[in-house]
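*Asks:* For the protein sequence lines, the chains are A and B, in the order given. So the first sequence is residues 34 to 410, counted in the numbering used here. So the second sequence is residues 34 to 410, counted in the numbering used here.
Just so you know, these hints were derived from the structure itself, not from any lab. Among these hints, one or two may not hold up.
The list treats identical chains as one, so a pair stands whether inside a single copy or across any two.
Derived lysine-lysine pairs resembling DSS-like cross-links, with alpha carbons at most 30 Å apart [what the hints assert, rightly or not]:
#, residue 1, residue 2
1, K261, K130
2, K362, K258
3, K298, K72
4, K360, K258
5, K57, K288
6, K342, K258
7, K72, K120
2 protein chains.
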Amino acid sequence: MKRIYLITPGPSAVPSFIREALSKELIHHRTEEFRQILKEVCVGLKDIFCTKNPVVIFSSSGTGAMEAGVANFFSPQDKVLVINGGKFGERWRDIAKIYNLQVIELKLEEGCAPLISEVKAILDKEKDIKGVLTTLCETSTATVYDIEGMGKILKDKNAILIVDAISGLGQDKLLSDEWGVDVVVSASQKGLMLPPGLGFLSISEKAKDFLKNSKLPRYYFDLNKALKSYEKDDTPFTPSVSLIVGLEKAIKVIKEEGLEKRWEKFAKLSMATREAAKTLGLEIFSKSPSSSVTAIVSPSNIKASELVKKLRKDWGLSIAAGQDELKDKIFRIAHMGWVNQDDLIVCFSLLEKALRDLGYSFKLGSSLQRFQEVFYG
Amino acid sequence: MKRIYLITPGPSAVPSFIREALSKELIHHRTEEFRQILKEVCVGLKDIFCTKNPVVIFSSSGTGAMEAGVANFFSPQDKVLVINGGKFGERWRDIAKIYNLQVIELKLEEGCAPLISEVKAILDKEKDIKGVLTTLCETSTATVYDIEGMGKILKDKNAILIVDAISGLGQDKLLSDEWGVDVVVSASQKGLMLPPGLGFLSISEKAKDFLKNSKLPRYYFDLNKALKSYEKDDTPFTPSVSLIVGLEKAIKVIKEEGLEKRWEKFAKLSMATREAAKTLGLEIFSKSPSSSVTAIVSPSNIKASELVKKLRKDWGLSIAAGQDELKDKIFRIAHMGWVNQDDLIVCFSLLEKALRDLGYSFKLGSSLQRFQEVFYG
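Take these sequences, add in the hints, and give me the full structure.
*Replies:* Here's what the structure looks like:
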C-alpha cells in the first residue's frame, strides 16, 4: 500500500475534512438549506476573487468556464487579443476561433510573460479589439503574468480583460476589481482544495454590457441564466451539490488563514522550491515564475516523463511532466491549495532519491537543507 | 436532528458505500490507475445504455450533455422535430432554437405521451427533418414515451433519434441499439445513485456521420475531442475524478442486481406507488406513467408546493412539487436509483400524516396496506 501525494498543478491534494464533507448525505438543491450554503459560498468566492462582482458557479471543469468567458461576451468576427504563452493561452485561442472571432495572437517565447509595452502596442494599433484573453498563471510553463499592467492599459478602452486564473487563484496575487479585471475564470481543483467539477466566473459591470450585445450561441454556460439564478441564490441547472458543500469548508479554511497570508506563504514556498531545485544544479524553466507551480528543467540525460513515472510508481508521489512538446523537458511541482511545506519536503526527498537512482549527481540532502533555509530561515 | 429522505426525481438518495468512495483520497486523472477505472466505467455505462456505441462522460449536469446532443450533430437552419410534453421537451426546443435550428414542435397535452402515428405524420410531411429530439421519461409530468416506436419510423430515414434519458435511465426500459436510438443523453444523479455533476452521451455510427457534417460551434462539449480521448481511456479536460470513482461502485451494484431485474423492480414500485395514491383518493397525473417517477394530483384544497414544504420541514422528507405552472397542482415521488420499497413505505406513511394534518380525509394506513399488497402480493 503506497501513500498518495498529489503535488500536481491540478487536481491537487484534497484534505480529509473536505473529503468528509463530500461524503455527507446528499441534500436537495431547491431547499432553503442548500440556498444558504450557496449564498455563503458565493460571498466567500467574491472575497477570494477580490471582487464585488457576482461570481457564478458552473458544474464543469475550468475549461467550461473558459468557454463561458468567450461565448457570452462577443459576436462573430469580433476581434480579440489572445496572450499565448503555452497550453492554456492556446486554449483561449482555440475557443475564440471556434466561435468565429478574429484572433490576434501575441505568441510568447517559452516560459516568458508578456511585456506590457507589447500588449499596449497591439491595442494601440488594432483599435477595434473588444477583449483581451489572458492567463494569471500559465500552468504549462509555470509562468505568472502582469495582470495589473494589462488592466491599466485596458481601463479606458472599449474592451474587456478576461483572465484565466484557474491554477493561479489563491496563490498568485490577483486584485480583480482594483486591477480592472472584468472576467475572472477559475475552477475547484487547484487553490480551492476540492476535486475537479466546479468552474467559476466573475463578471464586471463593463462585461455585463458586452453580455447584452453578444450574439454567440450558448445554453448551459449562458450567463444571463446564471446571473438571474444567482440573484435568487440558485443555479439554472442541477448543481454539483456535494462539491459545493465541500467548497463551503474550503472557503472557511482560506478565510481563517487569510488570503494575503496565503499569498505570502505560497510566494515563499515557490521561492524555496526554486532555490532547492537550483541547489541540485537544475534550471528553473520560467522567466517569471508563478507562486502556484514551479517548472524545472530535467537533467539532459533524464526524460522528465520518465522521472515523473518513477516517482509515482515507486513512492506514490504525483508531480507533473510538461505537456505536449515539453513532456520530456520539464517537470512541474505544485504549491497550491492544500499543498504546503511538509509535502514539498517529502517531494524533494523523493525527487533526490529518484534522480540519484537515475544516475544524476548531486549532494544528497542538499535540496532539503536549502528548502529549510529559505522557508524557515 | 431530522433524518434525510431524498425521494425527488433527481438528485435522488446516494447510498453510503458510494459516498464513502467519494471521500477517498483523490488520485490524478492522467494515471494508469484512473484510466483503468474510466475504462471499466465506460464498459459498464454501455451495458446500462444497452448499446455497443461509445458512451462519453462530461463533467456537467445533464443539461450540458443535452446541449452536446444538439451542438454536435446539426448546422444552422437544419430542421429538427422536438417532442414537447413538458419542461424537458421545452429544454430541447430552447437549445435547438439558440443554435438557430428550425424547430418543428409536437406539443403534447399535459401528462400525455406522443402518438407514434402523429410523429410519423410529421416526418412524412416534413421530409427534411434531420433529427428528432425526445425524452424517455418526461420528468416534469412523470410520463414515459414510446421510444421503440419512434426508432422504428426513423430507422430508414436520414434523421437521427436523440433521447434525453436523464431521469429514465435504469428504471424505464431502454434498448438503445435494438430500438435504433442514435444518441442517448443521461446524468449521474438519478438512476445511477450519484450526486449531480456527470453527464453522459452515447453516439451511434449514424450519428457520427452527422457529427462530421455539423457546423455548430462548441468546445467543452465537442464530441470529436471527447471521442478521440475516449479511444485512449481518457477525457479531453480534467474530469470529475471523485464522481467517476463513485460511479464505478454504482455500476457494480447495478450489474450485480441486473438491469432487467431492476426494470421489473421499478415497474412494480411505480405500480405500487400509483395504487397506493389512488387508494387515498388521489389522481395519477400521467396518462403514460413512468417507472422512474410518479406525479400525483394534489387534493384540490391543498397546494402541492405547501405539502412538499411541510414534508421537508417536519420530517426531512424531500419529494418534488410540480414545476412552473404545475407547482401547486402535482407532487412527484421518485422511484429511481437507490430508492426502494422501504423508502416508499416511509414516504407514504409521512405523506398520509401530512395530508391528515392538512385536513384531507381518508383511512389512515390504507395507502401502506395497498402498497404492501401490490408490491409483495
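*Asks:* Decide, hint by hint, whether the structure agrees.
*Replies:* Each hint tested on the structure:
| no. | hint | in the structure |
| --- | --- | --- |
| 1 | K261 x K130 | both (28 Å within a copy, 20 Å between copies) |
| 2 | K362 x K258 | between (44 Å within a copy, 26 Å between copies) |
| 3 | K298 x K72 | within (28 Å within a copy, 39 Å between copies) |
| 4 | K360 x K258 | between (40 Å within a copy, 20 Å between copies) |
| 5 | K57 x K288 | both (22 Å within a copy, 25 Å between copies) |
| 6 | K342 x K258 | between (44 Å within a copy, 25 Å between copies) |
| 7 | K72 x K120 | between (34 Å within a copy, 26 Å between copies) |
Of the numbered hints stated above, none is contradicted by the structure.
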